[in-house]
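**Student:** Residue numbers (this note's numbering), protein chains in the order written: chain S, 1 to 209; chain H, 1001 to 1360.
Source of the hints: derived by calculation from the structure; they are not laboratory data.
Just so you know, these numbers come straight off a predicted model, no measurement behind them.
Incorrect hints may appear among the rest.
[Claimed, not checked] Calculated lysine-lysine pairs in the DSSO-like style (CA-CA distance at most 27 Å, straight line):
| hint | chain 1 | residue 1 | chain 2 | residue 2 |
| --- | --- | --- | --- | --- |
| 1 | H | Lys1309 | H | Lys1290 |
| 2 | H | Lys1042 | H | Lys1106 |
| 3 | H | Lys1106 | H | Lys1044 |
| 4 | H | Lys1042 | H | Lys1137 |
| 5 | H | Lys1137 | S | Lys100 |
| 6 | H | Lys1052 | S | Lys100 |
| 7 | H | Lys1300 | H | Lys1290 |
| 8 | H | Lys1290 | H | Lys1311 |
| 9 | S | Lys100 | H | Lys1106 |
| 10 | H | Lys1042 | S | Lys100 |
| 11 | H | Lys1118 | H | Lys1160 |
| 12 | H | Lys1082 | S | Lys100 |
| 13 | H | Lys1300 | H | Lys1287 |
| 14 | H | Lys1224 | H | Lys1344 |
| 15 | H | Lys1344 | H | Lys1354 |
| 16 | H | Lys1082 | H | Lys1044 |
| 17 | H | Lys1044 | S | Lys100 |
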Amino acid sequence: MSNDGPTSGERFLRGLIPENPVYRQLLGMCPTLAVTGGMNTAMTMAGAVAFVLICANVLTSLIRNLLKPHLRILVFTLTIATFVTIADRLLACYMYQMSKELGPYIPLIIVNCVIICRCEVCASKQSVAIAASDAVGQSLGFALALASVASVREILGSGTFFGLRVMPEAWPEWGIMVMPPGAFLTLGLLLGLANWIGAIREKKSGTAA
Amino acid sequence: MAEAKKQNYLVQAWLVLVLAASFGAAMAGVHIALNDGIQANKRKETYDQIPKLIPGAREDLVEEGQFTVDLDGAPVTRTYYKALAPDGQAVIGYMLRAEGMGYVDKIEVLVGVDAKVKNITGVYVLSQIETPGLGSKIASDSFLDQFVNKSSTRAIFAQKTAQKPESNDIQAIASATISSQSVCSIVNRAVREFGDCIDASVRRQTALENIPRMFPGVTDDRVKPISVDRGLVFRILDESGETAAWVAEDQRMGRWDRIDLLVALDAAAENIIKVHVVDQRERWWKKVVKAGYVESFAGKKAEPIVMVKPKMTPGDQQVQAVTKATITSTAICRIVNRAVRRLKRTVADINSGKLEVKEQ
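Using the sequences and the hints given, assemble the complete structure.
**Tutor:** Right under this line is the structure:
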């Protein structure tokens, strides 16, 4: 339960690219595939996940010294479920149509492994400030990942970005991109691209060394 | 001793218990703070659906009402919305709010029905969290549009194969038959409960509209509905104010749907004057009309009538069934017999003073 480990800045930066929840840790695949048909839904989901992740990380870090090892997962789940319920109710009250569009995926944030993983890896071991910056970094990384998949799918599938037309009228909308197969195709190709870039960078740093 | 205390489950789980209580309180607070807003959103969405589910309805001409149904002895309140015509008087349809269990959780549905609660005019899923990609398709237009124009007096079932337009069933979503059937069951129960609730007043109104067609020239003031515990009975007066005829309304299932009839007896309740069809949706009805089956009851004595097979020659107190429509013919014959029996008993009780008549 010490504060040894990466600093706030390191935690924050790692969440963006080096330990990106989607492209590096392969976590949170369900929402990544399900709500990335458009940027609006993807960003709302990213916002909801950020709210839950930041709140859960901060609270877990605050009580980290009271956690019993065999009861910690129960406490994490309880904490996450509470904040997810609050996020769900807030959306239903202030963004009703979006809440209906996202449907069961907001309650399903409870089982998003990104959050429980951060509670376990960082928040239950490090200080509140580090846990908070880790949550912000991971949330932004998750948002970046969702945005990358959603941009490709929405632009190619609907010819729009955040609902605004960006492709010429003559653009033949690729219907498959907004359907489930489009999600798998896009995610697979982007994952491959991320790994390829990673491999090249590793190779370069290896030769440099 | 101290070790035993440490091992105690409650002591070990104190943090979980404290957190559970705090989170429970926090969620209760959030619910209290946000519930009004959420309900207002749902209400707005409900009202937005009225013009879509009831053709010709306007959001500003809607009356919200409630009715009570008895669920295993427990009274449960249901909400309905009555859409009025632009004159603000005539009812053009109703929208019912219903809910029931789906595959995953509760499904909330809005059901539009016509003014006589005979046809479904639209269905909308207000909330559901069925399996994404499968059961969640119950909210899609392609699934819900199948309910439009289905009869609300017969149960609707979700079938695995595509249905013919005349069928009262719908095609279920592939791999989501439980969610599909759940929507059907919720719709069926909603229209049945509501139909039972307003059935009496709707049947009375429909009968009153049909009596002048049965007896041309009869004015409204000469039709006297009689309040008895035996269904709908009407006394028709002649111009001098004397009883000219007795009319009973009755209905039962035919081959495809409910058949609704008016049966008239003479003043002495000894002969059938006329049988009038208020509503039917039988498949072979043209054959029934062509054979003059309904008219063949007129002039019979007010005694049990026997239906004979199509090829047999009917006797005095017999009617001949229509080829290919024997189930329909049987249903009509049974309705007439039941209505006649009821009318005769009512008239006899009125004449003997056993039944006090309260004309309305």
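**Student:** Taking the earlier hints as the rules, which of them does this structure contradict?
**Tutor:** none
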